[in-house]
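Work out the full structure, taking the sequences as your base and the hints as a guide.
What the sequence shown shows, in mature numbering (1 follows the signal peptide of the UniProt record, and there is no 0), is residues -22 to -1, 1 to 322, in sequence order.
Hints are all accurate, no fakes.
Label-pair ranges, simulated between beta-carbon atoms:
{"#": "1", "residue 1": "Phe258", "residue 2": "Asp53", "range": "24 to 30 Å"}
{"#": "2", "residue 1": "Leu3", "residue 2": "Asp53", "range": "25 to 31 Å"}
{"#": "3", "residue 1": "Ser12", "residue 2": "Asp53", "range": "33 to 39 Å"}
{"#": "4", "residue 1": "Ser228", "residue 2": "Thr94", "range": "32 to 38 Å"}
{"#": "5", "residue 1": "Ser86", "residue 2": "Gly46", "range": "33 to 39 Å"}
{"#": "6", "residue 1": "Gln125", "residue 2": "Thr281", "range": "33 to 39 Å"}
{"#": "7", "residue 1": "Ala58", "residue 2": "Gln191", "range": "35 to 41 Å"}
{"#": "8", "residue 1": "Ser16", "residue 2": "Gly262", "range": "35 to 41 Å"}
{"#": "9", "residue 1": "Phe141", "residue 2": "Ser174", "range": "19 to 25 Å"}
No lab work stands behind these hints, which were simulated from the structure alone. Heads up, the beta-carbon is just placed ideally off N, CA and C, and yes, glycines get one too.
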Amino acid sequence: MQLQSLFCFAVVFAQQLLHTRAEPLCFNGGFANSSSNSCVCEVGFSGSDCSSVKCGGNPFDVTRPVVGQGSSINDCPCGAGWTGVDCDICTSLTSCDTAYKAAGGQYSSTPGSNTTLTCNSAPVVVNVGSTSCIVNDSALTTDLGDQTLVTFQRREKPQRSPFANENTQNNDSSSISLQIWNNGTEQISCFALPCSSLNDLDSSHLYAQWDCQNISCACLPGSTFCDSTVNGSNSANLTSFVNSITGNVSVRCPPTQNEETGAAPVSTCAITQDGISAMFNITGDIMLSSCAFGECVWQDDFTGEGLNKTTSSPSSSASGGSGRAFVGWMALLVGQMSMMNLLP
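Spelled out as C-alpha cells, the structure:
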C-alpha cells in the first residue's frame, strides 16, 4: 500500500514538473502567455521567447525589422529624436508626441485632462523608463576587445505606459529587466522583482535608486559570451555561472546621492550585484557612464501622482510631492537636455 502511494505521488510530481518545464523561457522582461506556449514581449523585443531585437526606428513603429539571435544591431539607425541600443530612448520633449501621431495614435478628448505625450529624460522613472549606458571598466574592455553596454528598463506602473495593451502584465510589483551587450549583440538578459525605489528630486542633481530582489539571468542563444561553439569551451562555464546568479540587485543613477558641488554627473549609474561583478572579475560596483535616460509619459502622469511616488526612505529629501520639487525637476530636466543638445 505504501509502495502504491509512493508511486502515485511520483506520478503527480512528474506531471507537475513537466507542466512547469513546459512554461517557455522569456528573455528581456517578457512573460509567458497563459493561452499559448510563447512569450509576450516588451517593447523593442520580439520572437517566441523575446530574444530577438527590433532594429532602428522608434518604439512606436510596429513595422521595424527584427534582428535575429546572435546578430548585431550596430547597423540599425534610430529615428530622429531617439537613441539607445534598441532605439527606445526619447531625446527631445517632442519625440514621443511626434512618433505616437505618426503611428496613428490619437489622444483622449476628456475635458480637464492632458494626455499629450512628453519625454522624461531624467533618471527618475514615472511609469516605465529605459536607460542605456557604457560599462566603464578598462579591464573589461581589454578582455572583451569591444564596447560593452548595459541597458535596463525600470517598470513602476507598466499599465500606464503608452505601450501598454491587453497583453501587458498586470503586476502590482515594480520590476527591472537588464541586458548586457557586446559589439552590438545582446549577450545576457536578467530580470528581478519586486523592486522598491527612492527618488530625490530636491538634490542639486536628480537621483534615483532601485533595489530589487530575486534576480535571475540567462545567456542569449548564440551569444559570444556563452556559446562554446562561438567562443571556445570556456563559454560553457560562463553559461553555468550566469544561470546561477541569484540574490538582489541595486541600480543607482547617479552612483551617489550627494547634494554637494562636484557630485557625480547625472549621466552615470552604478549597479550592485555580486554575481554579475564576479562574472566580469570586477571588484565592487559596476560603474556605468554615458548613460541616456528616456521615458514616454502622459503629461498628466508627469505632473501628477508620478511625482508624488515615494518608497523606501521616509526622509523629506526623498519625497517629491511639493511644488518646489516639481519645478526643480523640470528646471534640471530642461537644463540637462540643453547641455546634451537634446532640445529641438
